[in-house]
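If you read the sequences in order, they're chains B and A. Position in the first sequence (from 1) plus 544 gives the number in my numbering. Position in the second sequence (from 1) plus 25 gives the number in my numbering.
Heads up, none of these hints are tricks.
Quick list of in silico lysine-lysine cross-link-like pairs, DSSO-like style, CA-CA up to 27 Å:
hint: 1; chain 1: B; residue 1: LYS559; chain 2: A; residue 2: LYS37
hint: 2; chain 1: B; residue 1: LYS912; chain 2: A; residue 2: LYS96
hint: 3; chain 1: A; residue 1: LYS313; chain 2: B; residue 2: LYS955
FYI, nobody ran anything at the bench for these hints, they're computed from the structure.
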Amino acid sequence: MDLDGVIVFKGWNLKGGLNLEGHKDLSRQYSIINTAIPNELIYPLVDRSGNVQTALVKAGERVLKGQVIAGSKGVQGTLLHAASSGLVKENEWRMIAHPSGLKSECLIIATDGLDECCPVDEPVDYTQLSAADICEKVHQAGIVGLGGAGFPTAVKITPNNVRTIDTLIINGVECEPYITCDDRLMQQYPSEILLGIQVLLRALAIENCVIGIEEDMPEAIEAIQKAIECSGFNQIQVKVVPAVYPAGGERQLIYQLTGRETPNQGFPADVGVVCQNVGTVMAVYQAIVKGQVLIERVVTVTGMGINKPQNMWARIGTPIKDLVSQCGGYNGPIERLIMGGLMMGFSLPDDDVGITKATNCILVATSKEVTKSSEAEMQPCIRCGECALACPVNLLPQQIYWHSQGGAHQKCQSFGLFDCIECGCCDVVCPSHIPLVQYLRASKSKVFLKRREDEAAMLAKQRFERRDTRKAQEKVAQEQRIRLKKLALVKLQKESASSPVKMQDKS
Amino acid sequence: MNFTWASAPHIKPRDSVSKIMFKVLLALLPSIFLLAWFFGCGVYINILLATSTALIAEAMVLKLRGRAVLKCLKDLSALVTAVLIGIAIPTLAPWWVVVLGTFFAIVIVKQLYGGLGFNLFNPAMAGYAFLLISFPQEMTAWAMPESLNVWLFSDIIRLIFSVQLPDAMTIDGITMATPLDVVKTQVAMNPYSDVTVLPLGIETLFAQGWGWLSLSYFVGGLWLVQQGIIAWQIPLGILSALALISAGFYFYDAQTYTSPLFHLLAGATMVGAFFIATDPVTAATAPKGRFVFGFMIGVLMYLIRVWGGYPDAMAFAVLLMNIAVPVIDYYTQPRVFGTRR
Ligand code: SF4
Ligand code: SF4
Chain B
545 MDLDGVIVFK GWNLKGGLNL EGHKDLSRQY SIINTAIPNE LIYPLVDRSG NVQTALVKAG
605 ERVLKGQVIA GSKGVQGTLL HAASSGLVKE NEWRMIAHPS GLKSECLIIA TDGLDECCPV
665 DEPVDYTQLS AADICEKVHQ AGIVGLGGAG FPTAVKITPN NVRTIDTLII NGVECEPYIT
725 CDDRLMQQYP SEILLGIQVL LRALAIENCV IGIEEDMPEA IEAIQKAIEC SGFNQIQVKV
785 VPAVYPAGGE RQLIYQLTGR ETPNQGFPAD VGVVCQNVGT VMAVYQAIVK GQVLIERVVT
845 VTGMGINKPQ NMWARIGTPI KDLVSQCGGY NGPIERLIMG GLMMGFSLPD DDVGITKATN
905 CILVATSKEV TKSSEAEMQP CIRCGECALA CPVNLLPQQI YWHSQGGAHQ KCQSFGLFDC
965 IECGCCDVVC PSHIPLVQYL RASKSKVFLK RREDEAAMLA KQRFERRDTR KAQEKVAQEQ
1025 RIRLKKLALV KLQKESASSP VKMQDKS
Chain A
26 MNFTWASAPH IKPRDSVSKI MFKVLLALLP SIFLLAWFFG CGVYINILLA TSTALIAEAM
86 VLKLRGRAVL KCLKDLSALV TAVLIGIAIP TLAPWWVVVL GTFFAIVIVK QLYGGLGFNL
146 FNPAMAGYAF LLISFPQEMT AWAMPESLNV WLFSDIIRLI FSVQLPDAMT IDGITMATPL
206 DVVKTQVAMN PYSDVTVLPL GIETLFAQGW GWLSLSYFVG GLWLVQQGII AWQIPLGILS
266 ALALISAGFY FYDAQTYTSP LFHLLAGATM VGAFFIATDP VTAATAPKGR FVFGFMIGVL
326 MYLIRVWGGY PDAMAFAVLL MNIAVPVIDY YTQPRVFGTR R
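Let the sequences and hints guide you as you build the complete structure.
Quick look at the structure:
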């Protein structure tokens, strides 16, 4: 690369990781297309981490595009907006975009095709906004991390007096095979992304920004670099990272770009970094500079099982089947429908599922691209250690697996079970075809369950102890009462006994 | 439309156990040919006996344990064990020695512990040690290279299967002491003997075939390392420990102690370092731990060779270190990303 100001990393600084075949050429060369308004918009009333969203509109109500329709409470609460105008239907239990493949209560809008908008705020000049204003607007626009985790962005950029931030890192590393939505965004909207970065820098009150882009996205690198030159935002730096999976993992990228190691129990903010995904930056730009709320995002619809793979601006809530039909439909026998990437995405049993803010990719895979259900072929672990070599967090997955098989979930924790980022590298290299990630995940949930049970037991114990002490106290009090009564009785008897004597004496 | 459900990652796996085992077998091929070249085609018969015993025994046990027989046999691990036993046993040993050793390795050491992946001890070495302790006489019947010129294949078959020698030959006349045996017996007879006068030069090692054999294991092993099949830390640990210690003693007193090169090229050093101690199931599993594991094997080998009761020590050193694996594994966990240094 011959661009000035671009820093290219020669080596991969972390241990582990994999060189994966990209399959990006299926979709990266096509411009992002707009999609038609679907007949139905489906919004699960629960997000991926299980937080409940409360519907703020009633069945039968007409909603406008951009209107708030649901929200979750708490510090990490987020808002959800209608992606088009239409009538709210009765809530239904539908399959949702969740790894469990379970059904959940969904808010459904039957669109009317008018796409009538809510009145929007006049766009304002972001340089006139205070940090608090920006955070509030980001919150009002319903922006969450669009890279997959779905963490509320406003929370991430709200100033915090405990940790000082000095660097904003923009994650433009799409290390997962097939996905090209961020690549396309950077190619097509470089100046918008830079403005979004300016807004974030203003909110964080810092100067430094590094954009990490993978080496196999030359067009994106060039576009961003050109835009930096044109705009004069020279404090924004582009760094090129090697195409190693999982270079785009938040902690991995921070380490690669800054050499700082996020503590395993902590957050990027602990090492002075805030990390945002390119898509999120775009959403921030749209919210602050354009006054638009987050109702659509770029989704890569790809795979050999789709006729015309491409990137599309899809409304949040659009059923997958609508997107698929706008990509020319399915092509031949499909082995698996995956939401997300080949490595960390989850398979869906059905295509009537609405996309969420975290959906970056719909991968329609044929049996040429994915494994068939392979539980039957699994062999015992031969302790070859390949999994440990591939692990980017330096775990010994074979040991965790071994102890989880023996039910020693505490032992698993001492081998770093909870530091596993579920990237799947270990799984891919295992010659015994052990679904390690699945086992590690199961082990994690067992530990959680155990913890909850322990807590419950603790509570019960405390309650029991409290009852015991209360009883003991009551007993003491009662004994006290009885003693007093007895004393009084004795006194009375004595009195009554002595009085006749006296009387006798008197007599 | 409905789709099958599966958990991430969805990508196809890269390798398989059978592929790994197959490559190990491939890397052993040149050495097998060399063995036959120097010590007679008895080695083919040994391997044939060992592999058929291993496959039959494994199939039997799997059947009894109610496991999928074919699926397990397909992993080729039994075959690797069998071949390692086949090449470790002297070329003129009677047939039942091989069969017994293999049976012990597969049934007792491997399957009774739970099969592939669950055995604590290296099956091939446990089988070998078992034979060495039970039948010391038969376990030293290495054919003398020169004597083989006059042999017919049928003679060897006859010797192995009915322990009958061709006319006018005695067992002492056709077998020879391995170089390590020579050192051991010499020092046992006279602790102060001068090893420099013994026929232990590097030329003798090569003339008797041992040197070439070791080299072939070395090359095969390097190929396996390059292929990512075996962990380089283990052979490096073994060879460096052996070389360091023997060099120390050699320079201290060259008349009593043999040279480092001798230790590296004689006996089972190379085959052990690259093909036996590297059995992943019974070795330490973390990279650092693997080096420690190998290094300790090297140390033990030297101790046993020089001061122990057996001329060679690979089997015992590996088995002893197999016991230490859990401890090594515990203390050599790599530092997890994000935890304090
Ligand atoms: S890669 Fe698979 S077989 Fe090898 S050590 Fe890890 S879990 Fe065991
Ligand atoms: S899934 Fe977990 S254990 Fe496996 S490689 Fe990734 S971080 Fe390591």
